[in-house]
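Undergrad: Sequence:
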Amino acid sequence: MTRLLLDSSAYIGFKKRHPEVIETLSQAEEIWMSPIVIGELRAGFLQGNKRESNERELRMFLESSRVRVLAVNDETSDRYATIRVSLKKAGTPVAANDIWIASSAMQHGLPILTSDRDFQNISQIIVRHFSPI
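In the working numbering, the protein residues as written are 2 to 134.
If you're looking for bench data, these hints aren't it; they were derived computationally from the structure. Backbone N, C-alpha and C fix where the C-beta goes; we use that ideal spot for every residue, glycine too. Just to be clear, a hint being listed does not mean it is correct.
What the hints assert, rightly or not - As a list, the in silico DMTMM-like pairs of lysine to aspartate or glutamate whose alpha-carbon atoms are at most 20 Å apart:
| # | residue 1 | residue 2 |
| --- | --- | --- |
| 1 | K89 | D79 |
| 2 | K16 | E56 |
| 3 | K16 | E31 |
| 4 | K17 | E58 |
| 5 | K90 | D119 |
| 6 | K17 | E56 |
| 7 | K89 | D119 |
| 8 | K16 | E64 |
| 9 | K16 | D117 |
| 10 | K17 | E53 |
| 11 | K17 | E41 |
| 12 | K16 | E30 |
| 13 | K16 | E58 |
| 14 | K89 | D117 |
| 15 | K17 | D117 |
| 16 | K16 | E53 |
Stated by the list, open to error - If you anchor each label on the Cβ, the simulated ranges turn out as follows:
| # | residue 1 | residue 2 | range |
| --- | --- | --- | --- |
| 17 | R4 | S78 | 20 to 26 Å |
| 18 | V86 | G40 | 19 to 25 Å |
| 19 | D75 | E24 | 35 to 41 Å |
| 20 | R129 | V70 | 15 to 21 Å |
| 21 | S78 | E53 | 29 to 35 Å |
| 22 | A97 | S66 | 29 to 35 Å |
| 23 | R43 | A91 | 28 to 34 Å |
| 24 | P133 | N98 | 15 to 21 Å |
| 25 | E58 | A91 | 35 to 41 Å |
| 26 | Q28 | Q125 | 22 to 28 Å |
| 27 | Q48 | S132 | 23 to 29 Å |
I would like the entire structure built from these sequences, with the hints used as guidance.
TA: Written as structure tokens, this is what we have:
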């Protein structure tokens, strides 16, 4: 079974019809979203001029039978701490939101679909990288 966790860049790639993202998602049986990614997207919507249509499209996407939203819980926070300390010891800065997303991926054994190269610095996860358009 093909399962993926989408980063915000992957959702944006989907909306922009990025061929590599569309192909990857068409083969996925389960598409997972983190509440952190959803929050990042909504923050972007608030700053844009198409908030209502973006919110509507996101709701429709989240209602798809193949899309699920992960829960963030105590186990996620333990994994966050592990990854954050590991990165700090290595002298590798990664944004806090990316560490939360990686923590969820690690917890649930999900590869992350992203164009963000920061995830490649997190050895505890599997990254499926796509090239930005």
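Undergrad: Could you run down the list of hints and mark each one as holding or not?
TA: Here's how the hints hold up against the structure:
{"no.": "1", "hint": "K89 <-> D79", "in the structure": "holds (15 Å)"}
{"no.": "2", "hint": "K16 <-> E56", "in the structure": "holds (12 Å)"}
{"no.": "3", "hint": "K16 <-> E31", "in the structure": "holds (18 Å)"}
{"no.": "4", "hint": "K17 <-> E58", "in the structure": "holds (12 Å)"}
{"no.": "5", "hint": "K90 <-> D119", "in the structure": "holds (16 Å)"}
{"no.": "6", "hint": "K17 <-> E56", "in the structure": "holds (15 Å)"}
{"no.": "7", "hint": "K89 <-> D119", "in the structure": "holds (14 Å)"}
{"no.": "8", "hint": "K16 <-> E64", "in the structure": "holds (15 Å)"}
{"no.": "9", "hint": "K16 <-> D117", "in the structure": "holds (17 Å)"}
{"no.": "10", "hint": "K17 <-> E53", "in the structure": "holds (17 Å)"}
{"no.": "11", "hint": "K17 <-> E41", "in the structure": "holds (17 Å)"}
{"no.": "12", "hint": "K16 <-> E30", "in the structure": "holds (19 Å)"}
{"no.": "13", "hint": "K16 <-> E58", "in the structure": "holds (9 Å)"}
{"no.": "14", "hint": "K89 <-> D117", "in the structure": "holds (19 Å)"}
{"no.": "15", "hint": "K17 <-> D117", "in the structure": "holds (16 Å)"}
{"no.": "16", "hint": "K16 <-> E53", "in the structure": "holds (15 Å)"}
{"no.": "17", "hint": "R4 <-> S78: 20 to 26 Å", "in the structure": "holds (22 Å)"}
{"no.": "18", "hint": "V86 <-> G40: 19 to 25 Å", "in the structure": "holds (24 Å)"}
{"no.": "19", "hint": "D75 <-> E24: 35 to 41 Å", "in the structure": "holds (36 Å)"}
{"no.": "20", "hint": "R129 <-> V70: 15 to 21 Å", "in the structure": "holds (19 Å)"}
{"no.": "21", "hint": "S78 <-> E53: 29 to 35 Å", "in the structure": "holds (34 Å)"}
{"no.": "22", "hint": "A97 <-> S66: 29 to 35 Å", "in the structure": "holds (32 Å)"}
{"no.": "23", "hint": "R43 <-> A91: 28 to 34 Å", "in the structure": "holds (31 Å)"}
{"no.": "24", "hint": "P133 <-> N98: 15 to 21 Å", "in the structure": "holds (18 Å)"}
{"no.": "25", "hint": "E58 <-> A91: 35 to 41 Å", "in the structure": "holds (38 Å)"}
{"no.": "26", "hint": "Q28 <-> Q125: 22 to 28 Å", "in the structure": "holds (25 Å)"}
{"no.": "27", "hint": "Q48 <-> S132: 23 to 29 Å", "in the structure": "holds (25 Å)"}
In this structure, none of the earlier numbered hints is contradicted; all agree with it.
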